[in-house]
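Engineer: Chains as they are written, first to last, in UniProt numbering: chain A, 1 to 234; chain B, 1 to 234; chain C, 1 to 234; chain D, 1 to 234.
These are computed hints drawn from the structure, not numbers from a lab. Since this is a predicted model, take the numbers as computed values, not measurements.
Pair by pair, the computed Cβ-Cβ distance ranges are:
| no. | chain 1 | residue 1 | chain 2 | residue 2 | range |
| --- | --- | --- | --- | --- | --- |
| 1 | A | 229 | B | 89 | 17 to 27 Å |
| 2 | D | 162 | C | 144 | 27 to 37 Å |
| 3 | B | 51 | D | 134 | 48 to 58 Å |
Think of the CB as a built atom: it goes at the ideal place given N, C-alpha and C, for glycine as much as any other residue.
There are 4 protein chains.
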Amino acid sequence: MSVHVRDVLRQEVLEANLAIPRAGLATLTWGNVSGVDREAGVFVIKPSGVPYEELKADDLVTVRLFDGAVVDGRLRPSTDTETHRCLYLAFPSIGGVTHTHSTHAVAFAQARRDIPVLGTTHADTFNGPIPCTPDLTAEQCAKDYEYNTGRIIVDLLDGDDERAREVPGVLVANHGPFTWGAGARKSVEHAIICEAVADMAIHTLALAATAPPPRHLLYRHYTRKHGPGAYYGN
Amino acid sequence: MSVHVRDVLRQEVLEANLAIPRAGLATLTWGNVSGVDREAGVFVIKPSGVPYEELKADDLVTVRLFDGAVVDGRLRPSTDTETHRCLYLAFPSIGGVTHTHSTHAVAFAQARRDIPVLGTTHADTFNGPIPCTPDLTAEQCAKDYEYNTGRIIVDLLDGDDERAREVPGVLVANHGPFTWGAGARKSVEHAIICEAVADMAIHTLALAATAPPPRHLLYRHYTRKHGPGAYYGN
Amino acid sequence: MSVHVRDVLRQEVLEANLAIPRAGLATLTWGNVSGVDREAGVFVIKPSGVPYEELKADDLVTVRLFDGAVVDGRLRPSTDTETHRCLYLAFPSIGGVTHTHSTHAVAFAQARRDIPVLGTTHADTFNGPIPCTPDLTAEQCAKDYEYNTGRIIVDLLDGDDERAREVPGVLVANHGPFTWGAGARKSVEHAIICEAVADMAIHTLALAATAPPPRHLLYRHYTRKHGPGAYYGN
Amino acid sequence: MSVHVRDVLRQEVLEANLAIPRAGLATLTWGNVSGVDREAGVFVIKPSGVPYEELKADDLVTVRLFDGAVVDGRLRPSTDTETHRCLYLAFPSIGGVTHTHSTHAVAFAQARRDIPVLGTTHADTFNGPIPCTPDLTAEQCAKDYEYNTGRIIVDLLDGDDERAREVPGVLVANHGPFTWGAGARKSVEHAIICEAVADMAIHTLALAATAPPPRHLLYRHYTRKHGPGAYYGN
Chain A
1 MSVHVRDVLR QEVLEANLAI PRAGLATLTW GNVSGVDREA GVFVIKPSGV
51 PYEELKADDL VTVRLFDGAV VDGRLRPSTD TETHRCLYLA FPSIGGVTHT
101 HSTHAVAFAQ ARRDIPVLGT THADTFNGPI PCTPDLTAEQ CAKDYEYNTG
151 RIIVDLLDGD DERAREVPGV LVANHGPFTW GAGARKSVEH AIICEAVADM
201 AIHTLALAAT APPPRHLLYR HYTRKHGPGA YYGN
Chain B
1 MSVHVRDVLR QEVLEANLAI PRAGLATLTW GNVSGVDREA GVFVIKPSGV
51 PYEELKADDL VTVRLFDGAV VDGRLRPSTD TETHRCLYLA FPSIGGVTHT
101 HSTHAVAFAQ ARRDIPVLGT THADTFNGPI PCTPDLTAEQ CAKDYEYNTG
151 RIIVDLLDGD DERAREVPGV LVANHGPFTW GAGARKSVEH AIICEAVADM
201 AIHTLALAAT APPPRHLLYR HYTRKHGPGA YYGN
Chain C
1 MSVHVRDVLR QEVLEANLAI PRAGLATLTW GNVSGVDREA GVFVIKPSGV
51 PYEELKADDL VTVRLFDGAV VDGRLRPSTD TETHRCLYLA FPSIGGVTHT
101 HSTHAVAFAQ ARRDIPVLGT THADTFNGPI PCTPDLTAEQ CAKDYEYNTG
151 RIIVDLLDGD DERAREVPGV LVANHGPFTW GAGARKSVEH AIICEAVADM
201 AIHTLALAAT APPPRHLLYR HYTRKHGPGA YYGN
Chain D
1 MSVHVRDVLR QEVLEANLAI PRAGLATLTW GNVSGVDREA GVFVIKPSGV
51 PYEELKADDL VTVRLFDGAV VDGRLRPSTD TETHRCLYLA FPSIGGVTHT
101 HSTHAVAFAQ ARRDIPVLGT THADTFNGPI PCTPDLTAEQ CAKDYEYNTG
151 RIIVDLLDGD DERAREVPGV LVANHGPFTW GAGARKSVEH AIICEAVADM
201 AIHTLALAAT APPPRHLLYR HYTRKHGPGA YYGN
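Please work from the sequences and hints to get the whole structure.
Structural biologist: In structure tokens, the structure reads:
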């Protein structure tokens, strides 16, 4: 039942994975990126436990969307594969998913706090706070844990594809960030931005119990990068 | 209407832009530097959305000072171009402008706090606090947002060229630092120093509700680098 | 009385030592890793005071387990050698030991606080808090100080090899982390993880007086990597 | 009046200066190291304002100890030269001096706090807190400012060469650390350690209002590296 995805997708997923250590978001082998080919009904994901410096396009694993079966690849797919799959199934506009344990985003996840919108750096990408999920229940942990991690993310966004486009990332309580985008590259960019705004937010909160910035400023920054009136280069 | 600026300016602006990631102030493509040729009535600025590692002198965009028209270059100029233009028009002594989203300076901007003068590292370059602007109004955000961002900076310094020379940088509330200098290279040096003193200030404030350092010490450090009695090498 | 250990062990210990600076855990020559050959009754350890960038496999020192005598090597073994030896003697399952002065783990050690379990990053590797020892007494410092440092670690874990496997690292009060694992490579991985979770924990504690994460989530993360039901790639 | 120092001293001072950016302690051209040749009555110091990446042994400046005259070199010596000279004259055991604006040490200097002894990392090198000077007076700033900076350091240590050996560094209030050692290399090592322990101390103080570590432990760590009973490799 081998299914071959286009080489261009494998290459993009490889490069997106390698962007994680290059951006300083990786400890050891932590983190993973996938990219989907909706026509072929599969996605390509990092294998489990391979060091970034040894990762090759050939090591990537191809997984079937509808049941999670491995359809190509010699290695085991990332342990978080079922979370990625759940997100692809729930949000049709998603083309790539990234998961990291980046330090400052994890700190918010461990404190079970949303990352608040404290400035334009955040508003350029996320149209609202980066929300933190509630805890998973004992039942959700005991069986299909990774798929349930996806479900709690989907539930937090009310399964709304439009919201998933406007807020392309979420913190899983006590765990860390999952981000997504139109493709693998965009999903890892959102992971990098999520970490950067978490870092800025921690320092901002230490400096002041800040009042929120004016909504018109945040709106301006989001809309100059997104939607019909966008004029910010990407 | 093509206008060619001297190659030496393009090269300086290119190198000043590349100093941003080298100094660790860049996330993705964030940040931009420009340099002005007042005789030709134009300035040269980074294009929008080009990764630093691919940036070439040819990619830089030449913009006319008096109306912001692009007069040379294949790419779109930085979204922040109008802010740079406003600063060049208001402050005749400025030869270069830099904007970054560096983490600690942004934290002060997001907390809407001036960076206070806490030591000689700050006083060596900035003759007083690095001030933070007030919020832009809804009207200032709705139309000519980027130019208005320049205006709020100019207003903060009372349009005073002398003050702009003594305090070569400002924090735009909720956004981040804009710095400037005699040329592009100096403007990016001031961005690097702004981030360094913000980082030091955050730790200092965490360690103590500090009394301000003695003014005579700060005066000594500023004047040994600036003005007629300067003897500090640059 | 020269004893030659297998080249493969020397090479593993060399690479594990070099992983310390590569992971950003080293200041100057600080830190050391050893690996044991239980059949030969010896362990191999970094020499004292050699810069990482000059370290060669030939510089490693072979030490006899039962009495600490140097049995091979031109250089003096690490000052902390007796601590390593004590841990090997007390815990039969340990194959490698790492000691660092990594910044955030040391901060917990200096605050004499356990690193609490605040999330899944921690629970993936440590089945409970990374505990901090009590202070050494004046007598324990005056004589056999390094061996006594090992003893206070062993006592903290009740000399229980099973606990040492489940919590592969400890903070020595006012000093820093000692971690271990099945081999030298695993012990340094645990040092890297210990530092990463300490860094996350400091930020988490600053953001919130957090309630502990649900135990079922932590249990799930530990058991998906360890024990008979493990399915997480390494 | 040209005086040539031994090439070995120039080379050591060059390498010690280059260790500053390599250790991450430099912003732009900040920081300087010197080394003394007491027999020749001169010291060699970094020139003012030269970027580290362009610094060559030929750029170093040779300065006469007794009056501060430049006796060899094309460039101006570091602005802080008179502070170095004052320290060499006051403390006969000093062979090298380093000054940096490293972030965490500066934070303590700006908060005008000593770096307290919070653990063995500190006690391995500094036999007591790294003390912070009082403010310089207006008179001390107005004339011979740099030499007076040296005097306030010397006064803080009661001009005691023995204390200068036991505590090889001081924070100048609102300014930053000056460290020293038997030679240039040792002085920069002490600058690196000063920054590392300042970083650890800031995190430790954030985690706990710590009680001081037991003195017998600190004594043990200092004496295993220093004095007649030392057995720690360097």
